[in-house]
Amino acid sequence: MSNIVTFAIISIIKSAAVVFVLLTAVAYSVWLERKVSARIQNRWGPTKVGPFGLLQPLADGVKFIFKEDLTQPYVYKTLYIASPIIAVVFAISAISVIPFGGEISLGPLGKTYLQITDLNIGLLVVLGITSMGVYGIALAGWSSNSKYSLLGGLRASAQMISYEVSLGLSLIPVMILAGSLSLRHIVEAQAHKHWNFFFFPLGTIAFFVYLISAYAETNRTPFDLPEAESELVAGYHTEYSAMKFAMFFMAEYSNMVTVACLSTLLFFGGWNGPVFSDNAIIVAIMPVMWFCLKVFFFMFLYVWVRWTLPRFRYDQLMAFGWKFLLPVAIANLIATALVVALYPNVFSVATK
Amino acid sequence: MVHLILFLFFGGICVAGAVNLLMQRHPINSALSLVVVMASLAGEYLLLGAEFVAAIQVIVYAGAIMVLFIFTIMLLNAGEEERTGKSRVAMMLGIPGVAIGGVLVAWVLLRHSSTSDVSMFALPGVPHDIAQLLFHDFLLPFEVTSVLVLIAIMGAVVLASKPESIAPTHAEPAQKKEEVLELVGAGKERR
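Top line first, the protein sequences correspond to chains A and B. Under the numbering used here, the residue at position 90 of the first sequence is numbered 90, and the numbers go up by one with no gaps. One gets the numbering used here by counting positions in the second sequence from 1 and adding 352 to each.
Among the hints, erroneous ones may be present.
[To be verified] In the DMTMM-like style, the derived pairs of lysine to aspartate or glutamate whose C-alpha atoms are separated by at most 25 Å in a straight line are:
| hint | chain 1 | residue 1 | chain 2 | residue 2 |
| --- | --- | --- | --- | --- |
| 1 | A | K147 | B | D489 |
| 2 | A | K77 | B | E432 |
| 3 | A | K111 | A | E188 |
| 4 | A | K147 | A | E68 |
Hint data in this document are derived by calculation from the structure and do not stem from the laboratory.
With the rest of the complex left out, here is chain A (with noise of 0.2 Å):
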């Protein structure tokens, strides 16, 4: 078999893979939202379809997909049909250049990433793939021609270019101490000295000011005034109905799990953990399992957030995001750069 042939079968197996993955990831994220707010608030949560309410996402999909899909007649209706598309599209291929392992051996057909694609620019394309994801929401809010769903579009926008700035401050730091844009080269970096959280107190701050930026980024609480429902009703996706709205939906899941995977390779070591054997299969298992369990973590922390903290106000959002958040991710970002100027054999910061 030619190279370019075991190439090509090996990216689309993994691609499915992950994808198919991914879109489990994303049902179960929803089903896990609804069970961990319901013992927050001392209910059961859903109980009837399968143990535990676990067929329950199996069973939103197929309500999804026979769901009556209206069009308001008052729609833009090209842009209206293509907003739920871009957003999905854009939040699902973010997972590209995510790695969640190292490298294993295929036998005869050598080895490989895990990882669809190992780009030495690969933070800068997930912050490019998502900055598209703002498309999706702000089209909705005004191709739906109603006037929650154009103040919800307009706040969803607003808040996501403010926030959008503080974010990207926050993971400079990243790539300073790690030399490199590579997901996969910060991720050995930190496996090499120690995980970019417990660098305090710059790794702590530039992790602290991530996460509020990407919750603010993925419209949850307490930043989820694009679709505040005493108010706006649904925001951005009122008009939407049947498979339409369970795509906002599953673009909004699926960008919780692109942060949450960004947060365990940029600040929690990725894949890095103990490996308790030396048995081949589980040295191969266990970083993927350490990785998945640190994601599963950020995905839970997500929704206790959502069921533990009010709703900022408009004025607070803005206020917090461009007086406080902006100017400790600068301040944070020039700290960081001069303690690597000022000690570069202590970082050893990366020729190439």
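Since the structure of chain A is already known, use the hints to place chain B on it.
Showing chain B alone in chain A's frame:
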């Protein structure tokens, strides 16, 4: 071969987007065509091996600047533009102008058609090379450019601020946008 196909593919999308930008009558459709142009340009940069530039092109132009464009169009609720009758001056100057421009470009391209191919990664494209160029070889021009951008930002703040409160000391680009955004939110609280 694949390279050529991809080049023609992205180039075709780019030109189609640019033509569509001019043909569309609704500003939001034109803005979206511009996003397509920016994104396909990023594809062309990738083909040259300039992956960092491609990523920045998507993040800054397609992701940030065009979102602001669309945000403004949404906020002002700009409607479809009206087609005025055909201007005779525009026809008389425009068509020969386009013809002359096209001929000039074609002439320059044909005259330099003997230039050899540039192989991928022959030019600086990885982040390290770009950093070396920006912060070492061309440090002074880079800094001068950033001062220029700062002046533009300060100008925008001065133009946007109300006459009685000119020149706030904590001038930031954020300031102007924030005021707009607070207007969006404030309208709802006052209800």
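Hints versus structure:
Between A:K147 and B:D489 the alpha-carbon distance is near 52 Å, which puts this suggested pair outside the 25 Å criterion. Restraint check for A:K77 and B:E432: the C-alpha separation of about 16 Å stays at or below 25 Å, so the hint holds. A threshold of 25 Å between alpha carbons decides the hint, and for A:K111 with A:E188 the separation of about 18 Å falls inside it, so the pair holds. Among the hinted pairs, A:K147 with A:E68 is consistent with the structure: their alpha-carbon atoms are about 23 Å apart, no more than 25 Å.
In this structure, the one hint that does not hold is number 1.
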